Structure formats: structure tokens, C-alpha cells
Amino acid sequence: MADYAAAIDNDELELWPDFFLEKCLYSVISRSNYEAGRQAGFIYCDSRGMLIDRIRALRSANVYQPHLYRHIQSPTRVVAASNGVIKAETNYAVIRVSVPDGAMVVFSVGRYLDEIILEDSRARFRSRIAVTDSDMIDMLLVIPV
Amino acid sequence: MADYAAAIDNDELELWPDFFLEKCLYSVISRSNYEAGRQAGFIYCDSRGMLIDRIRALRSANVYQPHLYRHIQSPTRVVAASNGVIKAETNYAVIRVSVPDGAMVVFSVGRYLDEIILEDSRARFRSRIAVTDSDMIDMLLVIPV
Amino acid sequence: MADYAAAIDNDELELWPDFFLEKCLYSVISRSNYEAGRQAGFIYCDSRGMLIDRIRALRSANVYQPHLYRHIQSPTRVVAASNGVIKAETNYAVIRVSVPDGAMVVFSVGRYLDEIILEDSRARFRSRIAVTDSDMIDMLLVIPV
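Chains as they are written, first to last, in my numbering: chain A, 6 to 150; chain B, 6 to 150; chain C, 6 to 150.
It should be emphasised that the hints constitute simulated quantities derived from the structure, not laboratory data. As the structure is a prediction and not an experimental result, all values here were calculated from the model. Any given hint could turn out to be false.
Because identical chains cannot be distinguished in the list, a pair is counted as satisfied if it fits within a single copy or across any two copies.
To be verified - Under the rule of at most 25 Å between Cα atoms (straight-line distance), these lysine to aspartate or glutamate pairs were calculated in the DMTMM-like manner:
hint: 1; residue 1: K92; residue 2: D23
hint: 2; residue 1: K92; residue 2: D106
hint: 3; residue 1: K28; residue 2: D106
hint: 4; residue 1: K28; residue 2: D51
hint: 5; residue 1: K28; residue 2: D140
hint: 6; residue 1: K92; residue 2: D16
hint: 7; residue 1: K92; residue 2: E40
hint: 8; residue 1: K92; residue 2: D8
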């Protein structure tokens, strides 16, 4: 969990896709949509290739206002573990820091719902769903949560 | 700690009283009142029955503006352990999310002062005092911290 | 990590220097300065004596507007351990609470870059660099981060 956050917060985004299995789910969705059983969210990717594309686009486009994230996470709650799959939940807050002026805002709070598999002695996400408590994301969601 | 927060944040409030012993103390008090040795706080309950009543009232009354909490907690500090009682302290921040508009504010920061007892292979609070750093709670405190 | 934060947050600042070795580095520096390889930061102390002086000055001067901090920290990431030195990184957020009116603001977010040594069965910092994501600190930095 801490390594994942560090890759994003320290702007080592190229490391980010490797936290996931080749065939995976990464989704950022509001709580109300998630609870209503909808799949439509702010982000939906179902392969590591899509994650790689996402970072590549972000690096090349680069049209957004410079900002960075800082994740603060609660200790993780393991809710199930069977057949080699660990299901875990982690509360998070992401503080967004605007680079030009240093302004800080609480950008998103919520929880990660994870399915984790150990592969080649490394834990990877089969599925990571970031359920945001707020329905509003106050700008284009560019950097992954 | 994580399970407790999840019960509140995920709106499974009926699970909340069972984190406490039958005879227990749950209190939310400001730091200045706590340090002055006062007991008067925002909330004071000294039995599990009072906790159950509190949730029942909250569910039936339901007159407050819809909002939810998200707890972000630091790792817990065990400060003593003897005679079957664990004393622990945990820093917390509660972000309140307004449901209609998704606005987020830092609602409360402080620390939990806990006395924990293992009973039937489950850890329960004999006492949980949430000491809030701020003297101000900017609305009626409805959902427990 | 939790003890360190508690000493600051609970206003037991006299305990703070003892988290460091006699010969140590404690620095608070912005991310942009840190990444540019500069040493100049908001705070720079290279001995425990300087830390003690700092707290003494803070206690005697006491001219700043009363406020307190609350640290919320992610679980720690151990990035290396060899020759008796543990290198660790921890994401943090510091919420500043104004004492007269209870107002809360996100004062600083960032990460601690630590070098830790076990000495006399106690872990102490040989080096703790608090890298703040924002270049701005919105008031005189008095209390250590």
C-alpha cells in the first residue's frame, strides 16, 4: 500500500502499472455509483496495458495545471483471504498540492477495495477499486488515485 | 481500529455498539476540557445500551443534513499492557463529506485514548475517549466519531 | 513514528530531541529545494543540542499565536536496512489547530525520509528530513514537524 502511494506521490508513475496483474481491474468510482451497482466511474481500466497507456498519455499531453498528490492511508483491513486471494480495504485521503502556489486541498477521500494476489513473490492487484466518498471531483482526474 | 472506522464510515452503524463492552465508557471531549479534568463533553455514554439507543435515535430521527465520515488513522501506539488491559492511543482525522454536494471538510482531528480488553477472542473497548483538538464542533454531533 | 508524533502533538516537546542521536540531522525542506539538491530549508539542525535549544527558545519566547498540531501518518515504508541503519519513508499530514477559535487547516503534507539506528534498545533518528510538498509555509514554522 505504501509503495503504491509512493510511486504516485513521488511522481514515479511509470512504476504504477506494475502494481497490477496483466489482466486486472482498476477503477475510480463514486460511492453512490458503486452502491447502486453501476460500473461507470471516473476511471475504468481492465488491463495493465490500459494503465501503461494512461501514464504515457499523461506524460505526453501534459496540458493540465501542474499539481501533485500526497496519500495518507489508514492501516489496511484484511477482510478475507482464501484461494490465494487477499481481499483488503484501506481508507485513504489524497491531498492535492498545486505546484505553482503550493495551495493544498483535500482532493479525495474514500477507500480502496482490493483483491491482491502473490505472484513471483510480489503482491499485485487483481482488482483495485477506489471508491470516492464524494460524487464530485473538482477537476479532470489525470493522475491516478 | 480499522474495523471500527469502517463500521462508521460505511454506514454500518448498527455494528458500532458491539465494539464496546456492556459496561463501558464512550466519550467525545475537547482537549481543553479533557486536560482540565472535566467529564463534560460532546458525547458521554457509559453502557452499551446507551450506544444502541444513540444509533436507534439517529436512524429514526434522521433530521440532520445527510453527510458521512471518513476516518484516516495513524498506526496505533500501545502505551501499556497489563492485567489483560491494553492501553492504546491513535491519532485520527475525520473528513466529513456532505452528501448533496460532495463538499469535504476536516471535521475533527485528535486522538483516541483506549482501554481494550480481549473477550471471547475479540478485542472490545472498555473505554474509548475521543479527545478532539478543537473546542468547536461546527454542527450537531450526530454520527459517532 | 507514533511516539514522535505524540510528543509533538501532545505538547511534550521536551521529549522531542531524544528521538535523535547526539550527532544528527533534522531538516524541514520543500520538495522543490530537496529535489534541486539544495540544503537550505525551513529548519536545519545538525545536533541534538540545536534541537534542545530550539525547544527552549520556543518555550521562553512564546510570542506566536497559540496553535497545536495533529500528525496523521501512513504506515511506514522500510526502503533499506543494512549495517545497522534502517532507511524508512512515511507519508504525513499535519493539521494545525488554532487554539483560540479551533479552526483547522492542512498545514503541511509530505514525507519523512529517515535514517534510524538502534542504540541502547531504542530507535533513534540519525537523520530525519521532512520534505514538504508545498513550497509555502503560511506562517513562521515554530513547532517542529
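The hints, checked one at a time:
For the homomeric pair K92 and D23, the shortest alpha-carbon distances inside one copy (19 Å) and between copies (23 Å) are both at most 25 Å. Taking identical chains as interchangeable, the C-alpha atoms of K92 and D106 are never at most 25 Å apart, the minima being 39 Å within one chain and 31 Å between chains. Taking identical chains as interchangeable, the C-alpha atoms of K28 and D106 are never at most 25 Å apart, the minima being 39 Å within one chain and 35 Å between chains. When the C-alpha separation of K28 and D51 is checked against a cutoff of 25 Å, the pair qualifies only within one copy, where the shortest distance is 7 Å, while the shortest distance between copies is 49 Å.
Taking the shortest alpha-carbon separations for K28 and D140, neither the intra-copy value of 28 Å nor the inter-copy value of 40 Å comes in at or below 25 Å. When the C-alpha separation of K92 and D16 is checked against a cutoff of 25 Å, the pair qualifies only between copies, where the shortest distance is 20 Å, while the shortest distance within a copy is 27 Å. Proximity of K92 to E40 under the C-alpha cut-off of 25 Å is restricted to the intra-copy arrangement: shortest distance 18 Å within a copy versus 37 Å between copies. In this assembly of identical chains, the alpha carbons of K92 and D8 lie at most 25 Å apart whether taken from the same copy (18 Å) or from different copies (14 Å).
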